[in-house]
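K.L.:
Quick one: dock chain against chain with the hints and give me the complex.
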Amino acid sequence: MELKSVMNRYGLKQKIFSIAPLFGLIALVVCFLAAATAKDLNIAYSMKNILNQSVVVAVIATGAIFIYTLGSFDISLGASACVSALVGGMVYNATGSVTLMFLTCVGVAVAIALINSVLASVFNLPVFVTTVAMLSVLNAVVLMLININGTGSQIAVPTDAVAGLNTTWFKLLVLVLFFAVCLFVFDFTKIGRLQKFLGGNPVCAKLSGINNKRLAIIAFVMSGIAVGLGSFLSITYAPTLTKNTASSVGMDVIISIVFGGMPVSGGARSRIYAAVVGAFSMTFLNQIMVMFNLNSGIGQMVKAVIFLIVVSLAMSNQRNKEILPR
Amino acid sequence: MERKAVVEIRDMTKNFGITRALDRVDITVYAGEICGLIGENGSGKSTATSIYAGMQSCDNGQMFFKGERWQPSSMMDALEHGVGMIVQENGTVPGITVAENIFLGESARFRKGPLIRRTEMIRKANEILKSIGADHIEASAVTASLDFQDRKLVEIARVMGKKPEVLVVDETTTALSQKGRDIIYDIMDKMKTDGKTVIFISHDLDEIMEVCDRLTVLRDGKIIRTFEKDEFDEEAVKTSMIGRELKGDYYRSDYDGSYGQEVVAELRQANLGDQLKNLSLQLHKGEILGIGGLSHCGMHTLGKVLFGAVKPESGEALVHGKPVRDEAYAMKEKVGYVAKDRDVESLCLDASIRDNISVAGLDQFAVSRFLILPSKEKAYVKQQVDDLSIKCRSAEQYVSALSGGNKQKVAFGKWTGRGSEILILDCPTRGVDIGVKQAMYQLMYRMKKEGKSILLISEEMAELIGMSDRLIVMKDGEIKKEFRREEKLSESDMIRYMI
Ligand SMILES: Nc1ncnc2c1ncn2[C@@H]1O[C@H](COP(=O)(O)OP(=O)(O)OP(=O)(O)O)[C@@H](O)[C@H]1O
Ligand SMILES: [Mg+2]
Chain W
1 MELKSVMNRY
11 GLKQKIFSIA
21 PLFGLIALVV
31 CFLAAATAKD
41 LNIAYSMKNI
51 LNQSVVVAVI
61 ATGAIFIYTL
71 GSFDISLGAS
81 ACVSALVGGM
91 VYNATGSVTL
101 MFLTCVGVAV
111 AIALINSVLA
121 SVFNLPVFVT
131 TVAMLSVLNA
141 VVLMLINING
151 TGSQIAVPTD
161 AVAGLNTTWF
171 KLLVLVLFFA
181 VCLFVFDFTK
191 IGRLQKFLGG
201 NPVCAKLSGI
211 NNKRLAIIAF
221 VMSGIAVGLG
231 SFLSITYAPT
241 LTKNTASSVG
251 MDVIISIVFG
261 GMPVSGGARS
271 RIYAAVVGAF
281 SMTFLNQIMV
291 MFNLNSGIGQ
301 MVKAVIFLIV
311 VSLAMSNQRN
321 KEILPR
Chain V
1 MERKAVVEIR
11 DMTKNFGITR
21 ALDRVDITVY
31 AGEICGLIGE
41 NGSGKSTATS
51 IYAGMQSCDN
61 GQMFFKGERW
71 QPSSMMDALE
81 HGVGMIVQEN
91 GTVPGITVAE
101 NIFLGESARF
111 RKGPLIRRTE
121 MIRKANEILK
131 SIGADHIEAS
141 AVTASLDFQD
151 RKLVEIARVM
161 GKKPEVLVVD
171 ETTTALSQKG
181 RDIIYDIMDK
191 MKTDGKTVIF
201 ISHDLDEIME
211 VCDRLTVLRD
221 GKIIRTFEKD
231 EFDEEAVKTS
241 MIGRELKGDY
251 YRSDYDGSYG
261 QEVVAELRQA
271 NLGDQLKNLS
281 LQLHKGEILG
291 IGGLSHCGMH
301 TLGKVLFGAV
311 KPESGEALVH
321 GKPVRDEAYA
331 MKEKVGYVAK
341 DRDVESLCLD
351 ASIRDNISVA
361 GLDQFAVSRF
371 LILPSKEKAY
381 VKQQVDDLSI
391 KCRSAEQYVS
401 ALSGGNKQKV
411 AFGKWTGRGS
421 EILILDCPTR
431 GVDIGVKQAM
441 YQLMYRMKKE
451 GKSILLISEE
461 MAELIGMSDR
471 LIVMKDGEIK
481 KEFRREEKLS
491 ESDMIRYMI
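In order, the protein sequences belong to chains W and V.
Going by my numbering, the first sequence opens with residue 1, and the numbers climb by one from there.
Going by my numbering, the second sequence opens with residue 1, and the numbers climb by one from there.
Please keep in mind that the hints were generated in silico from the structure rather than gathered at the bench.
There could be a bad hint or two in this list.
Taking lysine-lysine pairs in the PhoX-like style, the calculated list, with each CA pair at most 20 Å apart, reads [stated by the list, open to error]: (1) K206/W with K311/V; (2) K285/V with K448/V; (3) K196/V with K213/W.
Below, a sample of chain V positions facing chain W; criterion: calculated Cβ distance under 7 Å [to be verified]: (4) A236; (5) E345; (6) C348.
Where a beta carbon is used, it is the ideal one built from N, C-alpha and C, also for glycine.
Next comes chain V alone, as it looks inside the complex (with noise of 0.2 Å):
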């Protein structure tokens, strides 16, 4: 059958200061077929992808669509010629409704005289959700009130709203909880059916080789490799990302889930709106305690609540048996807490790398906990970006303009390095590659074998079971199961007591 090339990049080549982002890339990808890309922190992908959607512009090369010199110049223009994309972190904006969100920029549309008719434009957008399964999101809702995958999906909802023919989905899906996630390969399923076109961003190995009908792989902004469907191989794609093999355990390999007596932290009873209702819960020395369950489940509010960022009804949450005052003092007794969404909560975009990371970590190298020497923080920050190899140019560059990834070894850095010896972390590997996540998890697992403490909470079951000593699963507000580590432990015996 002769595939007929609907996207089509040539010799593309992207310049930002010294960073090469993009080196003389060429990608084509079919009608009628889902394309996987596939490369390590920084290798490009965004970029590229992003280049095509319209929002920003290459330095070199030429781009075609469906046959035709293509040349967006937005990303409003590029979707209303049919080319939509699904960003890696918040694509929406927080302070208007659902509604003018899903139609933004196209208020005209529902003009009537000098007014904006608003009714018609919620039920226009309630129909828009309903079509994508997202029904439970009501679009007379102001936007910031919804939750990270609820706002993902309003991003969606307004992509599929203009019926693309190409859809980019970038890194999205590990944010998401598998209502989210299935409404995702729904939507790719039912293009692909269509005809249309699916280019899709994942570090799930598993995940995008089950999806993808071809996998091509960046690395340092080259292409490196396009395998097709019958050439799928794990090993393979690894190595061809990273550029050598990838040696030792993934996730920790003992089964041996003990920890320590003394309880470091712990809820007790506490009650907060129908995110969590009447739960209690003990972290101990030396344990990794994982969390899982749907995205409303509570588990995100969990770690919020713990760290002193959000107060409780009622109950109340204890950091080595004294309540938790607030973040300031959580810190003090050494908690460290990696929010989910990232470039709202966890970092501060418009800073350097070195902002980011020694804000949390002024009280360890600052003298006398004020007076900031620059070369004892230039070395505290570079001792970080070692060890989690950021990819940048200098500690001096702006987090803005990082990977997806690399802003996630950012907010995860700035707490590992100030010697936390509670974390909560929510979702802490989110868009990080397999290469780093490995390290990511060695290190955990040596902190826990130091004795510190770590709550994991995560929207990714294998990481849950490839790591915690114990793991809970919330659902409503509420723990329906604890299951003890153990080889046998599988996905579908979490998933039982999540839905």
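With the rest of the complex left out, here is chain W (with noise of 0.2 Å):
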């Protein structure tokens, strides 16, 4: 009683509830290193995989906030990514440059998500269903590429082209600096702000004089630029491509975001950190569930059970605002 009316004075039961995700984070890094070493496992090895495991998903989930902002969604970022990284691969077999690559990699991303929004302002359609309809073009779009141009079954670019960038440094760095720009745009610019504010309320957005399509257009690139990104790290860490490429990332990022404390409807309780807190809470969990050894199908019903209670609680936090019509 006396706890509830001093957390109520100072409002920190808002708060709270807008960190409980980094908590979150922290406990499950306290129980990771816990069972680590009860264990005796070797935990800078298991750092290290760790990241390389979530640092993908991090950086492309980074860029999706931005579509999220809005009240929107995007389906098709795991087979976007997967096209961008098969394009990267066949540069690089064709001309022996990773910088070429790299481009390769942001520019078919970006057009992807460019062709999903302009196309969305064209036909006055929401968003997310151009990004259905690209879902399937995308995944047509893997096989021919690998058709033609690989073995049959693959596109391999040689291990020892990427593997100095395939180290630890190199990943911290591009999430680090994306993040930075992200944040900086997201908290700082006049993008970030109307962003927020149009998935709030477009009706008053738009009474406000706020261009709703221009700002979907600067999302969607965002989030091109993230995939991009991460379709480049992905092809350093397992330069061997096939349609598998980047296969669960689709639906990584959707569960990353929702993890980290994003609220799915967007709007100006947005956070930016929310993915990449979700990233990492969820490669800790996976963890930590493999070394108690429950086999993947139990893991996924953990995940599962995890995530509806996640969004209950969020939701319940939101409901109970007592949001009186005035």
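P.N.:
As structure tokens, then:
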């Protein structure tokens, strides 16, 4: 009772709720360290492993936050990453230039994002609709690329070519730099501010002179850049590209964003760090489950349950706001 | 005569974080009376009544209904047991039909096996609408297609369909035209003669003193005083409301209705459905142009068209002689627009005061119109919060947690702050208390003097007469009459052309 009233007094409850995902991540890290120590694992090695598994999703999800902020949704991110990686791999094999490969990855992903958003704006459709169509197109493109250009089932970039970039430092650098750029755009420029407002109330946004189409296109370009970076990173980690490259990324991005405490409906409560927090939380959770020998079926179910709990907690927090119609 | 207490609130306290919205409040309302509740914005009127109507719970205190302990679990529950409330903003669900809104949560009543008997439901709903005098609304229509006033009437129908013993009317009338107000007055009258109870909240002193039998004044969450009918006195009520005397002019005091030559905004032969019929009008530099009429007369649409938010079917809207392409263009030409539907069109509720005010002012304080420096933004927002004395914990507070009048101030500050030269104001002082209203009027007058232009669309005739240089009365999408500013102009002059 005492505690409750003190918390109430300083509006602490809301603040705690808003950084709860961060606490979640810290708790998972602590659990992981405890378990790893108990089992006498090589912690440095495990951490590296975790970074490898998280970084691609973290980068792509950070870009995708811009789309989610608008209250919108892109289901084709994973497929887009796969296509970008494949085309990037082909370009490397044709030219031998890592730089060109990098530029191709980003270029292809941004092009796909642009097609998504420009089509939606031309036909006045919700962007989500075009991304659904895009998903099937991209899946077909993946098969086509592999059939024409690969050995039949894969496109392989020589491991030596990218080994130099498959380092912890490089990955961290990409993540930190990209995150910094996104943080800047999201919180310190007109673009991010207007996007949050647009997500919160499109009607009012229109009457405040906000151009929703242009902002949607910018959001998709940001996510396109992220997908390009993500696909490049996944080539460096696993240079043999197949139709399964980045296959789980699409789903993982969605889960990470929600895990990180991003409101599903977007708006002013959107947080740019949600993606990174969510992506790492998920990987730590996976690792912990692996350590306890939960096979992947059960693991998936545990994830699903936690996912539901997180979403319902987030929603109940919003409902509690007692938004009175006044 | 022994009065029978129906509504009793004892020692009620309610905190929102550090805000004490209600501080040991006692209210008693008797059978067969209309009790008024008045107080500044954020004084706790909505909070107290909404707790009684089951919308939220209190931290401390007790409530009684006809002598029995009263603990409603929800608004639905309260209504079921005889306490209904008409809320300050939208109380209807937009995406469903009028009938479904009227029977919200009661579809089981019309269930036949797995099906809902829709025709039956619509028939019953139409009956209720008719009984309150709102038969121009069709129960099968989608609620979102109705205008603000009609949505309000639907909400009234929902409450009255349940034949409540206690009716709370929270600051509704200023958003309604005369017809809507008459419907509410009739309902309240009838309840009173039937020996039922009404609690009526309004910022319109004349109205509340006319309608009510008793008047309770709230200030900062405390009950200050209750006036019996024979003690009603405008100055005394005002003083106890704001805790000091209200000095200076309320509206403007001059009768010099002059303005500049230059036309800054105009409509040329604009047509749009039954809202605008070949309508032309000109707004001049340094002019306050008032527009009045019944709710359906098209005046609200007119404001939207002039701001570029709605395209006319033919004819055009011009600002400084050039067509208004869209809202962004209008803003570039320094036009501002305060919409009537506050919670949907003027504000993003689920965002902070800062977000809402700065969204229209980014081109004012952002470096290169792009980069947001937190310190500059803070200063910009603080300026508006101070100028309009918005009652809040901090600018970071969400707008959804503000009282109705304070929300309205945020909507107003959003546009005055960016230095708009042409302001289109649709019911700008709705739900705002008299102290702040006075400040807003003085601000408008000052802007006029500085050569800015204001299109004032309002349901309140006193405000139109009090402020306008020129006053246009609209009916059915056409201009019926134009008045010049003069001392003799009265509400009845206007009404003659409105109906
Ligand atoms: N959900 C909420 N969260 C935080 N504070 C709130 C909330 N609801 C109301 N308040 C605060 O409680 C106080 C009383 O608000 P209330 O809405 O009862 O005022 P009111 O008398 O109805 O004012 P108005 O005339 O503007 O409608 C205000 O200071 C308001 O900011
Ligand atoms: Mg109120």
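K.L.:
Assess, step by step, whether the Cα of K206/W is no farther than 20 Å from the Cα of K311/V, and give holds or violated.
P.N.:
14 Å, holds
K.L.:
May I ask you to test the interface hint for C348/V with respect to chain W, counting a Cβ-Cβ separation under 7 Å as satisfied?
P.N.:
The hint holds - C348/V has a Cβ within 7 Å of chain W, the shortest such distance being about 4 Å.
K.L.:
Mind checking the CB of E345/V against every CB in chain W and telling me if the closest is under 7 Å?
P.N.:
5 Å, holds
K.L.:
Does the alpha-carbon distance linking K285/V and K448/V stay inside the 20 Å limit?
P.N.:
With a Cα-Cα distance of about 8 Å, the restraint between K285/V and K448/V holds, given a limit of 20 Å.
K.L.:
So, A236/V near chain W? Judge it on the closest CB pair being under 7 Å.
P.N.:
28 Å, violated
K.L.:
Within a Cα-Cα threshold of 20 Å, do K196/V and K213/W meet the stated pairing?
P.N.:
54 Å, violated
Comparing the model with each earlier hint shows violations of hints 3 and 4; every other hint is respected.
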